[in-house]
Amino acid sequence: MFSDYSWAELGSIFAMQGFAGLSLFSVYLLMALGLAIIFGQMGVINMAHGEFMILGAYVTYLCSNMVQQYLPFLFGGYFFVAIVLAFIVTAALGALVEWLLIRHLYKRPLDTLLATWGLSLILQQLYRTIFGAREVGVDLPSWMLGSISANDMIDIPINGLVVMSITLLIALGVYLLMFRSGFGRQTRAVVQNRVMAGAVGINTEKVDRLTFSLGCGIAGIAGSAFTMVGSTGPTAGQLYIVDTFLVVVFGGAASLLGTVASAFTISQAQSTLEFFLSGSMAKVLTLVTVVVILMLRPQGLFASKVRR
Amino acid sequence: MKNRTNRLPDRRRRTLLSQLIGASFGITALLGSSLHAADVNTTGLAVTDDTVTVGILHSVTGTMAISETGSVQAEKLAIEQINAMGGVLGRKIVYEQEDGASDWPTFAEKAKKLLVNDKVAAVFGCWTSASRKAVLPVFEQYNGMLYYPTFYEGLEQSPNVIYTGQEATQQILSGIDWVAETKGAKSFFLLGSDYIWPRTSNKIARKHIEKLGLKVVGEEYYPLGHTQFNSVINKIKLKKPDVIYAIVVGGSNVAFYKQLKAAGIDMTKEKPLLLTISVTEDEILGIGGDNINGAYAAMKYFQSLDNENNKEFVAAFKEMWGDDIVIGDVTQAAYLGPWLWKAAVEKAGSFDIDKVRAASPGIELTSAPEGYVRIHENHHLWSKTRIGLAKPDGQYELMYETSELMEPDPFPKGYQ
Amino acid sequence: MNFANTVSWRHMLSMACLLLLLAIVLPITLDAFRLNLVGKYLTYAFVAIGLVLCWGMGGILSLGQGVFFGLGGYCMAMFLKLESSTPEATAIQSTPGIPDFMDWNQITELPALWIPFQSLTLTLIAIIAVPVLFAFLIGVAMFKRRVSGVYFAIITQAIAAILTILIVGQQGYTGGVNGITDLRTFMGWDIRSDGAKTVLYFVTIAFLCLVVFMAQFISRSKLGRLLVAVRDQEDRVRFSGYEVANIKIFIFCVAAAFSAIGGALFTLQVGFMSPTLVGIVPSIEMVIYCAVGGRLSILGAIYGTLLVNWAKTSLSESFPELWLFGLGALFIAVVMIFPKGLAGVANSLADRFRKPRLDVASSPDMPTPVDDSNASSTPLTSTTHQSATRHSRPGSAVHGAAGAAGDIGA
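Residue numbers (our numbering), protein chains in the order written: chain A, 892 to 1199; chain B, 56 to 471; chain C, 2 to 411.
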């Protein structure tokens, strides 16, 4: 299979495949981080996670249109404003949803699945009514479009690099927030023992709301970033939901480090398999492997140390 | 909500287009209006002395709504224009719209509802092959008439369907001939979404490429909705084909072209050039003109076609649906449906399905935005195939069109 | 187990009401088209009943029931497709006598996988055996490893995704995204005519009664009580010496078998089978039918299925571009306002007229299934157990004991 190619070509290919795996990794991680917080920390099954992502993408779309129309000279940098706005808007919607729906359902985790499924249908239809059924194209500043060529074979996509850096920043931010801040300590306390946390004076309701809206906000950032690599349409969110849940569960739901490890494993496996097999079969094989490993090791890669 | 078309009677002016067609059919329409419902409708269809009911069956929710919305809009426009010039056999067209919800069993259910409950005289609808396959037995059992707008894989010829889009050979063969002749392409990389249309089309493409003595260096399929194409892009870089022959559909398109561009494959250079049969102006809206600039598409219609019919059509379409709207190949084919049906009904002098079917072969439309089309005995359309070059503004620039109409050949010998 | 006591007059009555509705009222009032639609909806009710047993009673939420529905349906479709692909009917193909989609995919002889489906007997066996075997394998792999709750739900969801991609990807063998279409006859009998659809409707009702009876039998048996106990306090059942995994595997297989019957009947009524029925969306919708019905009530599941599908059809016919708002709102309303579903509403209405007579299967005061992972430590969940204990009647001894133990444990 490799005999047709020269060593230089093979080297370039492995480098490129490695990079393809890394960009897939950052996509998976970005999708999964928000869910890891909502599902992993709070136990809420948010089937509308994909729709929150698409909301972020639509915010980016609106932002790019506004800037092009009113402040064209700022277009080169609008993307960073869009990311912040996407975070704020989705986090606000998240807080609203938590207040209206989720907080009534903490004792019934499986019911959150049904309610958020209904929510996802409503959001999809809402996007369709507001933005039309067609996909929208998000214009990107030209500096984000091209690639850096190392030689004639290796081209590093700039948008891939941007997605990667956003992912790293968010991952770092989540780590600092969850493990190095007062809010994180409170969240973890509530996760471990809600009643005790309440008893020592933590406002558990507030922590819940903030945690949920944080998870949604990160989904919004992910959606914003995905306008660079994927499509923005009313139903695009559904494409991500299964993969996202699998990444979180495979990593061990309550462990953020597990989510990182699992996103890495799944993305590398898939991108390697894709090179040798057809796209469909690579996907099937990856999913089957993940399911089989989960059957053998139901707690995921990194078991939670919390005694439940 | 029963959508009635005469909601906006005053906003809609007669366009030059409708006048043109009106002139050719005006006489028959006048004759028709004197006929009683019982005479023009012997099989109990929903035809009164003033109205005739037809069905529109597309997905307006679910994943396929992205693609099918344009078809719904085109069909409504055609119906409105026909009504504005007096209707069909003197009867206004009323439509009953149903949502296929991107779900094939739902399509079958709604098709049956339209035929059995609403007794519609014709149905304009379906988009994917799967939805057509799902409704086909229903149309054959209850003897309905379906006008199907999408370019598709062929291998089908139902007495109950008029295929207003191109079948695979019409779309594929001249496209490949063109890149081989004018661009000197020698090697092809075939890529598609994993279902019947891309697979059958690539099968035909491969046979044709091999017949021309050229080489296929790779063939890949990805699940519908797949969004990560970096691995296949690497394979393309490794194989260095002259032509990337892409039949990716739906949301995957957006991901594919964005990633292709980001990976440094510049389609404005001659090698590798990209030839697609699945990206219409509708898809470019989501992809972004910058990302697909320089790709070639082989299909029968582009919004930018420079002829009087098309200018009228585009203007009318924008007037009805807004200035930002774009029109793709399938949208135009969907627009032909009601006009072809009207012509067949008036030729037959009856709404009866059997008579309309018998009248259909040979029906020609000189007013079609794509130019001239004619219905073949096999219920497909004779049409030209055109090659367009994608521009950054999201439109195609016409590079080439076949000099003759291509004969539809749904069961091509030597390509199966 | 006291059989005479468990089949109370109340259940006889509600069963009779349902039969009256399905077998007499609907056929008289609806035309052939609508009746066929109801028949199609009822095939989903088989899945919902399976979910009542496995989710409502056993606390095992499967988001992949479409897999079993689909497997049953595909088995039936393969048989019908072979029957309609006679060499005469397929003379236009390069290889006559094989299904059309195989010919399109350059397959020149019938794949070995399809050969058993030339026989009706083998097909009927396969309709049940294939899904049950698959459920058994999943069940053994998961329940023996004590995978439960949300994890099980997500893994079954992934399995549904895998099977869909596989079916779509292997189109030469499965018909791909189109599914297996254009099925005409069953043993020479034209299944497309209105008369045949009506017959099939009554066949569906007959099977539905059978399944309802089996489900009620299970839910009233000792096994049913064990199931509820497993749902509420799995460890305590295990410590009492029961093999919890086997109970779960059994009920999961039963639910799979029910779904498969529904799938096979679906194929007969609708005339084709498609991968859109295997995937995640239909699987979740089927869970919603069960939830709307009240998740613990077997008959409620049937009403829930009918209600949601009726809402879906009539909303989408009236508001083709906006109906999803209504459907989404319905799901949210069911969870937020009527967590006990139609059965809960019916019971509270009934209780207004007379003193409550509660029982295990349809008690409005039953705690909703609790995620096992946090059931044992959080005092909040054991509050629900207290209320359950208060209302449970002597008949549900195991359940009551588990609940009481829960209080002590907390």
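Do not rely on the hints blindly, as some may be mistaken.
[Said to hold, decoys possible] In the SDA-like style, the derived pairs of lysine to any residue whose C-alpha atoms are separated by at most 20 Å in a straight line are:
(1) B:Lys262 x C:Thr109
(2) B:Lys266 x B:Asp232
(3) B:Lys290 x A:Ala906
(4) B:Lys258 x B:Leu269
(5) C:Lys313 x A:Ile1013
(6) B:Lys147 x B:Ala403
(7) B:Lys294 x A:Ile1013
(8) B:Lys295 x A:Ile1021
(9) B:Lys295 x A:Ile1013
(10) B:Lys294 x A:Ile1047
(11) C:Lys223 x C:Val200
I should point out that these hints are in silico values taken from the structure, not numbers from a laboratory. The model shown is predicted, which means the values in this text are computed figures rather than measured ones.
The hints, checked one at a time:
A threshold of 20 Å between alpha carbons decides the hint, and for lysine 262 of chain B with threonine 109 of chain C the separation of about 18 Å falls inside it, so the pair holds. With a CA separation close to 11 Å, the supplied pair lysine 266 of chain B and aspartate 232 of chain B stays within the 20 Å bound. Between lysine 290 of chain B and alanine 906 of chain A the CA atoms are separated by roughly 13 Å; this keeps the pair inside 20 Å, and the hint holds. Note on lysine 258 of chain B and leucine 269 of chain B: the hinted pairing holds, with a Cα-Cα distance of about 14 Å set against a maximum of 20 Å.
Straight-line distance between C-alpha atoms of lysine 313 of chain C and isoleucine 1013 of chain A comes to about 14 Å, which keeps the hinted pair within the 20 Å bound. Proposed proximity of lysine 147 of chain B and alanine 403 of chain B is supported: the alpha carbons are some 17 Å apart, at most 20 Å. As the CA atoms of lysine 294 of chain B and isoleucine 1013 of chain A are separated by approximately 45 Å, the hinted pair breaks the 20 Å bound. Pair hint lysine 295 of chain B plus isoleucine 1021 of chain A does not hold up; C-alpha atoms about 43 Å apart against a cutoff of 20 Å.
Taken as a hint, the lysine 295 of chain B and isoleucine 1013 of chain A pair is broken in the structure, with Cα atoms around 46 Å apart against an allowance of 20 Å. Distance restraint check for lysine 294 of chain B and isoleucine 1047 of chain A: the Cα-Cα separation of roughly 18 Å lies within the 20 Å cut-off, and the hinted pair is therefore satisfied. The suggested pairing of lysine 223 of chain C with valine 200 of chain C is violated, with an alpha-carbon distance near 37 Å, which exceeds 20 Å.
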